[in-house]
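Enquirer: What follows is each chain in one-letter form.
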Amino acid sequence: DIVMTQSPDSLAVSLGERATINCKSSLSVLYSSNNKNYLAWYQQKPGQPPKLLIYWASTRESGVPDRFSGSGSGTDFTLTISSLQAEDVAVYYCQQYYGTPPTFGQGTKLEIK
Amino acid sequence: EVQLVESGGGLVQPGGSLRLSCAASGFTFSSSWMHWVRQAPGKGLVWVARINGDGSTTRYADSVKGRFTISRDNAKNTLYLQMNSLRAEDTALYYCARDPLGYCSGGGCSWGWFDPWGQGTLVTVSS
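Sequence order for the protein chains is A and B.
Counting along the first sequence from 1, when you hit position 76 you're at 1223 in my numbering, and nothing is skipped either side.
Counting along the second sequence from 1, when you hit position 57 you're at 58 in my numbering, and nothing is skipped either side.
Extracted from the complex, chain A is given alone in its bound form (with noise of 0.2 Å):
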């Protein structure tokens, strides 16, 4: 199985500022037939199931507010939230989906400071 690792577990942050949140997998998830990184980033808010934010790395999913976005590639992953707001509050996870079976990272809590 592909193991993903998130980094850090948790993280405070001060509203207005920027929050990065790193994924990072055991293997390659760039498919080199399409050049494209098999990677999601999902958010979850307490008592509620998890969120799409990003697919394919860093195709933002329709609705999610543009201060979300995805970069990396091959095993490097990061999600930045430009400028945290009161409602981002949440605990974040990354997503393989190259190899079977599909595989999410520890999660990432992020908080205001």
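Any given hint could turn out to be false.
As the list claims (entries may be wrong) - Calculated cross-link-like contacts (lysine-lysine; reagent style DSBU-like; alpha-carbon spacing at most 35 Å):
1. K77(B) x K1192(A)
2. K44(B) x K1260(A)
3. K1171(A) x K1256(A)
4. K44(B) x K77(B)
5. K44(B) x K1183(A)
6. K44(B) x K1198(A)
7. K1171(A) x K44(B)
8. K1256(A) x K44(B)
9. K1198(A) x K77(B)
What the hints assert, rightly or not - So these bits of chain A aren't anywhere near chain B, every CB distance computed over 12 Å:
10. L1162
11. E1164
12. N1169
13. D1223
14. Q1232
15. E1234
16. K1260
If you're looking for bench data, these hints aren't it; they were derived computationally from the structure.
Predicted, not measured: the structure shown is a model, and the values here were computed from it.
The beta-carbon is built from N, C-alpha and C at its ideal position, and this holds for glycine as well.
Fit chain B to the given chain A structure using the hints.
Expert: For chain B alone, coordinates are given in the frame of chain A:
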């Protein structure tokens, strides 16, 4: 509106069985790959099982293989998860989710991301 609504969770003794359902609406269910993903209390997300659009192919996590069966009724727009020989470690919130990308071609099968997710149904395995 695309919607998934799970049901069927509850308290069951170790070794018991339970069948979860997921009612889908707002999209073409019969052409969509579907998944079950679970989340133990206070823990992360773990993929459980997947089924293709016509129900002809399924895949399972090693931890549930031989005990769980994923199926679907496209006439009823409903996904199922039959869970047998339940263990304490199966205790979790079970989500169904759509895979917008999943397909198989001559070169193999390709998975996608999960969107949307249902609200989940809680399964507790305890004596």
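Enquirer: Next, verify each hint and record whether it holds.
Expert: Hints and how they fare:
Between K77(B) and K1192(A), the direct Cα distance comes to roughly 31 Å. Compliance with the 35 Å bound is thereby established for this hinted pair. Between K44(B) and K1260(A) the CA atoms are separated by roughly 23 Å; this keeps the pair inside 35 Å, and the hint holds. The hinted pair formed by K1171(A) and K1256(A) meets the criterion: a straight-line CA distance of about 17 Å does not exceed 35 Å. Restraint check for K44(B) and K77(B): satisfied, since their Cα atoms lie roughly 32 Å apart, inside the 35 Å limit.
Distance check on the hinted pair: K44(B) and K1183(A) sit about 29 Å apart at the alpha-carbon level, within 35 Å; holds. With a CA separation close to 16 Å, the supplied pair K44(B) and K1198(A) stays within the 35 Å bound. Annotation: proposed proximity of K1171(A) to K44(B) holds, straight-line Cα distance about 19 Å (limit 35 Å). Pair hint K1256(A) plus K44(B) holds up; C-alpha atoms about 12 Å apart against a cutoff of 35 Å.
Taking the CA atoms of K1198(A) and K77(B), the gap is about 25 Å. The hint holds against a cut of 35 Å. Even its closest Cβ contact with chain B, about 26 Å, leaves L1162(A) beyond 12 Å, as expected for a residue assigned away from the interface. Against chain B, the non-interface label of E1164(A) holds: every CB pair exceeds 12 Å, the least being about 26 Å. For N1169(A), the shortest C-beta to C-beta distance to chain B comes to about 16 Å, beyond the 12 Å cut-off, and the non-interface label holds.
For D1223(A), the requirement that its beta carbon stay farther than 12 Å from each beta carbon of chain B is met, with the minimum near 19 Å. Under the 12 Å C-beta cut-off, the non-interface status given to Q1232(A) relative to chain B holds; the minimum distance is some 22 Å. Every Cβ of chain B is farther than 12 Å from the Cβ of E1234(A); the closest lies at roughly 18 Å, confirming the non-interface assignment. With a closest Cβ-Cβ approach of about 23 Å to chain B, K1260(A) is found to remain outside the 12 Å limit, as its non-interface label requires.
In terms of the numbered hints stated before, the structure departs from none.
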